[in-house]
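Colleague: The primary structure of each chain is shown beneath.
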Amino acid sequence: MKKLTRPIMASALTLGVVIALAACGSSNSSSTSSAAASSSSKTTSSSSSSSASHNGTTATVVIGTFPQSLDPSIDFTTQGGEVHWLTYLGPYSFAHASGTAGTQIIPAIATTMPTVSDGGKTYTFTIRKGLTYSNGAPVKASDLTFGIERALKLGWSAASFLTSTIEGAAAYSKGTSKTVSGITTNDSTGQTTIHLVSPYGAFLDILAVPGVSYMPAATTPLKPEPNNPPVGFGPYVIKNVQNNVSYDLDKNPTYAQQAIPGIPAGHLNIHFSIQSNTTTEASMVLNNQADVFDWGDTIPPSLIQQVSGLSARFKAVQTNKTFYWFLNVTEKPFSSQLAREAVQIAVDRPALARLGSGALVPGCYLLPPQMTGHPTTPCPYNIDVNSTPDLAKAKQLVQQSGMSGQPVTVWAENRQPRLEWAENYANTLNEIGFKATLKTIADADYFSTIETLKNHPQTGFADWQQDFPNPTDFYQNLVDGNAIVPVGNSNYEEVNDPHIQATLKELYPVPAAQLATAASKWQALDYYVTQKSYVVPYGYLSSPEFVSNRINFNALVFSPLQGNDFSSLQFK
Amino acid sequence: MSATGSTPASVIEESLPHEGWPGGEGAEVPPGIGPYQLAWRRLRRNKVALAFGGLFLVILILCLLAPLYAKYVAHTGPNSENVDTALNQFGVPLGPTWHAKYFLGADPVGRDVAVRLLYGGRNSLEIGFEATLITIVLATLLGVLSGYFRGPLDGFISRAFEVIWAYPVYLLGIVLGVVLAISGLDLGLFKIGSSSLLITALIIGVIYTPYVGKAIRGQVLGLREREFIDAARQQGLGNFRIMYQEILPNVASTIIVFIPLVLANAILTEAGLSFLGAGVRPPNPSWGTMISEGINLLPSAVHTMLVPGIMLVLCVLGINVFGDGVRDALDPRAKIRIDH
Amino acid sequence: MSRFIVRRLFSMIGVLFAISVLTFLLFNALPNPALRLAGRFASAAQIAHINHQWGFDQPVYIRYLTIMKLVFTGKVISYDQQVNVDHQLLQYLPVTASLAIGAGIIWLSMGILFGVLSAWRAGKWLDRGLTVLALIGVSMPVFFLGALMSYYLGDKWGILPAGGYVKLQDDPAQWFVHMLMPWFALSVLFIGVYSRVLRSTILDTVNDDYVRTARAKGLTERQTMTRHVLRNSLIPIVTLFGLDFAAVIGGGAILTESVFNLHGIGQYAAQSVEALDIPPVLVITLFGAFVVVILGAVTDILYAYLDPRIRL
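Chains as they are written, first to last, in this note's numbering: chain B, 701 to 1272; chain V, 2 to 341; chain P, 1191 to 1502.
To be clear, the hints were calculated from the coordinates, so they are not data collected in a lab.
Treat the hints loosely; a few may be bogus.
Unchecked claim - Between beta-carbon pairs, the in silico distance windows are: (1) V/Ile311 with P/Trp1310: 31 to 37 Å; (2) P/Leu1199 with V/Gly237: 54 to 60 Å; (3) V/Pro153 with P/Leu1199: 15 to 21 Å; (4) V/Gly96 with B/Gln1100: 40 to 46 Å; (5) V/Gln236 with P/Ile1252: 53 to 59 Å; (6) V/Pro153 with P/Tyr1251: 20 to 26 Å.
To be verified - Each computed EDC-like pair below joins lysine to aspartate or glutamate, with the alpha-carbon atoms no more than 20 Å apart: (7) V/Lys48 with P/Asp1317; (8) B/Lys1154 with B/Glu1194; (9) B/Lys939 with P/Asp1317; (10) P/Lys1314 with V/Asp85; (11) B/Lys1015 with B/Glu1194; (12) V/Lys72 with B/Asp1163.
Quick caveat, the model's predicted, so the values are computed rather than measured.
Where is the CB? At the ideal position from N, CA and C, for every residue including glycine.
For reference, chain B alone in the conformation it holds in the complex (with noise of 0.2 Å):
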């Protein structure tokens, strides 16, 4: 007996150390991973899930990446912002509605639309009384100036949107001021007046943005809280979190005895979870494991003709999305404006559609084209963004720029199809004369990491959804020369042209009831901006309405700001 037990031993010794560490890892309370309801089930019973959350009460968000935070005073993803609209109420918010009725602004914490005085340069307006955050402390007017403080603090990647505008912002962003001055507040009356340095046409927007929000001064930290946001006033609150694999969006229960009118309470309780292959990710909903494919996501070539054939849970909704290629103007190559303009003749467009499952329109404008602004003239130098470039005349340009053989890094994201969107484009660059190699970055990092200024990425992938309906949005945070700042910097081509700023002083001013009156001026600075090259727009993506068939898809609200709708989505 005694040659066996040596053997026995051992293996027991292993089991039983391995089988103590199991255990004692399961005591931790955290979400499961995934879905867990089998292809074949399509009930809603609680025997094909795995907690108490997959239930008729919890829907499933499959997601392609963690958002680049979950802290609103530091993301500006759309897969932050879908989620921050509905945690994190400023002043004002976007009416809950799809189409363009979605692009209206409503009131949030502020009971009306505010006062303009001063030739555009003041806000007035009162927060609401008795509101109170998820843990029971009152809402107070100070709050907001403390978010706005935080944002800007913390490194916000929009935070152009207030160093621009709010007086005292750009100082205190600076550390030279300790309180951002323009900001006013009462907290006993509610009354908040805000001073503008110079008049901005779109301000009411970015009050209604997420980020610019009211958070309890009294107790939340100001330091980055990833895992552990902080507590914010709307109908959901933040559970949950772990990093890179899922979070919750739970309905928060004081919020229903508050609504604000126009933006109701939810009806389920949302489980994200992170599934970076893109077509396990479209797999799962097709296969009804999942509810919900985030809009932020492109369903793969493998699966789009499947997918576009089911209309009862499929849509494909044109959300004023550009796809662009950034040419950081401080460096070689691209600080020679002729390298540039061989990029512009030379990047693929239809290959990039393609690439996209086909839901790309190929463009070369910033501006997307459901957009006042987008210029209507053809592109600049002869391009057809519906055919082949013209590569000799490219290469041709790279010589004369005296570039060629040029290293060049394209920074580019992780999934698909974003990442074969780099290879095409580093391929090009290749084809045209430089030496073009690749650099990835997981996608959760990757915004993080080129709005590093230190970086100095010399060219890469980029985006910009629009926060609201107007040029305002793409230009203050992509082109302007004042928005480049060390952290969290959105101009990644670090483009300071005088022209441009010129032209978006006079710009900026322009209220947004008029903005049709400037919109040939708009047109004409798309058209330069495209022409000096500093950005490379391949095309205008659709975003995908796409859920199982679990969910009630007429009452599902589409934003074309912030995609789907949580509080709207419903069980059948």
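Position chains V and P against the provided structure of chain B, taking the given hints into account.
Modeller: For chains V and P alone, kept in the frame of chain B given last:
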């Protein structure tokens, strides 16, 4: 993956099969035939092993001929994308055409799969061979030295083996692969560029050294007690002469048996690392990267993943079966213990 | 005996120390993470804080001690998302443990079964068939097999879930169903290896002297086989198992976990590497290596206890 180094191996070595035992193979040894010629005869009789060895050889030659194929048959390079012609409007790539162009179809970005397969094979095989060379050289050196000299040197080398072997292969591989891919390797003496295949080969080669090194050491431990070593010493030969002239030839057959095993493992490990993005960097092809690129297209374009995968399996299978045959030929009595 | 234990423990500690130093040097040689951090922590104060916490501003040996202290007191904070790495590890450990235990049971039992069958019918069709299967298993990359299984059995035909993990305490049936494919994908390679090793060990042991003696003593073939041959042949298998199992627990199943999206330790390590997040990788590397070495030492001590010859 035995890491203790001392106990189980030595227990096994104690019970080595006995030389000259009647019966079994080797009984009808014709006079004057050396062990290698004997082994070769045995190998020749093993048709299956030869067939698979031939399969591997064919794959190897095809991969070496990659540039010729690209130039004369497919008229396209491994990195040239042809999205407009090779993908349909939804982005689904062409399936195998069985013609000169896109013989095995297109990959997700419109490149010719057959061309990439061959170029990828070159990369994968190059890394495999380089890693194997590194392992064999290091393992022989360290194994012989530690087995022959014993004492503190042996203690140090054995501990070093244990340390290296304790590391999770893929984890170390991806850390080093990803990081070195960003900055390259600067060891003062020589610099390896960040896109060089040598880095991956080096990582794999070093990690597998203990595996072979311990077996060689074990064998040398036994050999050094034998009479012919004593005879050599009495003749006045120095230690290094003895190691080179007497020990090395006797370890040779062990080395030969290990070569296919290490090669097979190296190729599989490289594929795994490339699959995770830490081996061959895009856009350069490797069977591992092609598999990871093709996974997303399984629903509508199976060939993108199946082709490199099957090629990988066939290649490794060829090496493994042939390696098995080599082992049977050289060591039909299983004297060489291979503890994985 | 106690001398042996002491010696072995010392040797183990020596190896663990060497591993910690080597790992430290490796991570030290990597580009200074404080400088290459993603933008959100790029403020000078925050970089200085990280430099200080990790000892980047100190000489090498102090840095080593600082980092080791952080690791062993469970205070390592990852750069990315600033979470406590040890808490994350504990969250991911049950997944890897489930994978390792289930797969371990499968590959050990089937490996032994196939090995015994192969040796029993050596040279005949069954043996050849099993050898072919073993060889294919050994030549099949786990990610290829896993991806094929996940797609065909999972997405396409919907027989099993394509991936993901369900906690055992939440729903045991679903836990089991979700683990089936990963278990098999991971086991295939080991079954191939173990069956071949066992086969050759059995075939060899059969020719040993003591077996002849047993037969001469009058033991039946079956008694000879089980009492002598099999027992001795299983020794290398169990050694292998102890170490392979330790390797899987320590994060070695990266490929399987990634393909099936299980979110275990291996996948966590792979994702951290992608995000250039050094702390989790450091901790997992140490953890994995330590598990292997410690289990190896424990096994050796047990062997020595049971077999006095080894203590010499």
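Colleague: Which earlier hints turn out false for this structure, listed by number in ascending order?
Modeller: 2, 9, 10, 11 and 12
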